[in-house]
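*Asks:* Here the protein sequences come in this chain order: P and H.
Here my numbering is used: the first residue of the first sequence is 1, the next is one more, and so on.
Here my numbering is used: the first residue of the second sequence is 1, the next is one more, and so on.
If you're looking for bench data, these hints aren't it; they were derived computationally from the structure.
Mixed in with the good hints there might be a few duds.
In silico DSS-like pairs for lysine-lysine, Cα to Cα no more than 30 Å straight-line [what the hints assert, rightly or not]: (1) P/K8 / H/K322; (2) P/K120 / P/K227; (3) H/K324 / P/K76; (4) P/K213 / P/K180.
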Amino acid sequence: MTPQPLIKIQNIAKVYQTGEIQVRALDNVSFKINRGEFVAIMGPSGSGKSTLMHIIGALDKPTSGQYLLEGKNVEKLNEDELAEIRNQKIGFVFQFYNLLPRTSALKNVMIPMMYGGIAKEDRARKARSYLAMVGLQNRLEHTPGQLSGGQQQRVAIARALSMNPSIILADEPTGNIASKQAIEIMKILDQLNRKGRTIVVITHENEIAECTKRIIFLRDGHLEKDKPNKKRRNLTKIAL
Amino acid sequence: MDYQELITESLLTLTLNKVRTGLAMLGVVIGIGSVIALMSLGQASQQSITSSIQSLGSNLLTISPGSQISGGIRGGSVQTLTYEDAQAIANSPQITTLSKISAEFSSRAQIVAGKNNTNTNVTGVLPDYADIRNLAISSGSFITGLQVSSLSKVAVLGPETVTDLFGENVNPIGRTIRLNDQVFNIIGVLQSKGGSGFMNQDDLVLIPLTTAQKLLFGVDYVSSISISAINEKVMTQAQEEIARLLLARHKISNPEQADFRIFSQEDILSTVTSVTDTFTTLLTGIAAISLVVGGIGIMNIMLVTVTERTREIGLRKALGAKRKIITAQFLTEAVMITFLGGIIGAAIGIGISYLLSTYMSLPFTLSLKSILLAFAVSAGVGILFGWYPAQKAAKLEPIEALRYE
């Protein structure tokens with residue numbers, strides 16, 4: 001018996017109704033992601049990859065089809081239950097970092113823990129250790145404005161880790177970052193994957209996708225390709 | 001996320017935009033400040049009036065002329081009481097409850113002493129007036145029965161009138177004043193009773209009733225008759241006995257058509273209290289309108305804040321904030337604005353009422369009720385006007401909110 005997949009997407013469709021016109025952003029998409037995978041979801045703009053990311057991230061529900069996260073039917077949950085799934089199971093890394101302005105790195109990392117009911121005394125300690133994991137142990141009290149793009153994204157990764165989620169869901173995590181720092185980000189994600197984290201990266205850049213172990217390619221809302229990445233870049237060899 | 005965190009978070013957010021927070025607060029500050037100031041001033045003036053009425057003693061009855069009704073037509077007369085009425089009451093064997101009686105005629109007049117002059121209340125009285133009204137003499141003597149029967153031109157002055165006419169620390173006994181070009185000898189000065197403005201009890205001139213009626217003002221009626229009963233328990237009996245006698249004297253068979261009215265201090269007190277209550281309520285009501293306006297201002301600011309922070313709200317929701325937490329966060333911010341506004345407003349209101357009561361020499365009262373009310377109202381305003389913006393924030397879709405530029 002094969003172990004239960006972490007994510008099971010089955011015949012998912014997402015239809016947007018704008019006036020008279022129906023737009024099928026996703027159509028009959030199915031795949032599974034197991035624990036410990038490092039997956040890139042690729043596709044040109046308009047391919048439906050953002051919509052798919054929203055559905056995997058429990059930010060949106062599919063129009064039809066099934067989404068099982070750790071065996072749980074996410075598409076059947078109500079708004080507050082979705083909020084709980086996002087808080088407990090998913091660690092988001094956004095393209096524009098989405099850190100709270102004028103708020104210290106430490107406080108930013110503590111936000112999900114505040115909503116997740118982690119005891120107050122434990123939050124700062126945990127946040128410090130996650131910030132140390134991304135190499136920002138000396139930037140705890142810096143606000144986003146005092147940090148570079150790469151550093152901000154590392155704070156976001158620490159925040160994504162803070163609730164010890166089942167998957168890290170990164171939406172164009174390097175889209176706004178200079179290339180040297182982008183590699184740094186990918187190295188951090190790679191290291192996390194080596195420690196057993198499941199990581200899903202949404203990207204349109206080949207260079208980024210090449211760092212992962214598996215590439216899912218979307219086009220016009222359909223799943224075009226889904227295959228292991230054989231030309232994987234070995235990030236451990238890149239010196240920073 | 002507990003209350004303490006909600007409060008620290010919202011205080012943090014509010015300090016990020018101090019000017020806006022301050023302006024949003026201003027409406028509540030003004031509203032609460034004026035409510036508290038007006039409520040405590042209202043209470044202070046009521047206390048002052050009440051105590052001055054009570055100081056006259058609880059066994060005091062006042063008879064004042066009322067309009068005469070004949071054949072359903074209300075006559076305009078206020079000249080229905082005479083000195084003879086007072087004498088009849090004093091001498092009647094049927095009235096067993098009477099202790100002291102005085103009749104008064106009161107009018108304003110110009111008083112001249114040398115180069116100084118003042119306009120004040122001149123009252124013609126009988127000798128018992130001092131006892132009935134609890135007036136004490138600080139120097140000289142009060143008007144005697146002989147001076148009343150002989151139409152003497154003598155006067156007893158209030159301490160403030162003395163100061164007005166002769167200056168501070170002058171003993172005016174033996175000196176003269178001129179009332180409507182007639183010369184009066186000053187025979188006594190009253191002790192100060194306090195009060196100021198329309199409640200001033202120290203600015204007055206007392207002369208014999210007969211002198212006032214015949215020599216000064218040329219009238220044959222009195223403005224009122226004051227009576228002190230032998231004790232408080234017989235007040236109702238005294239009222240009935242006097243009414244019966246006066247009705248007989250005025251040949252009125254139906255008591256409903258009486259051309260006079262008899263008040264006890266309690267009657268006056270309840271009338272005055274109801275009047276000041278009405279005024280206080282009215283003024284407080286007007287002040288409360290500014291609270292509502294302040295609340296609308298806060299709603300406006302909160303709506304702007306929600307729009308401005310759409311991305312933040314989207315992020316918080318993406319990170320697991322449930323609807324009620326977002327609602328609580330924005331509601332807490334609104335309530336913090338109104339609550340802080342309430343504290344500042346209360347402080348200002350108390351300050352204003354302290355200054356005004358000192359200036360108007362009223363007793364300074366700090367009513368706990370009005371302060372509690374102010375806080376309840378300010379928190380209520382925050383909840384009421386913060387609710388809609390908070391709901392709007394809570395209902396934002398996380399994807400839409402994250403995309404918002």
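*Asks:* Sort out which numbered hints this structure fails and list those numbers smallest first.
*Replies:* 2
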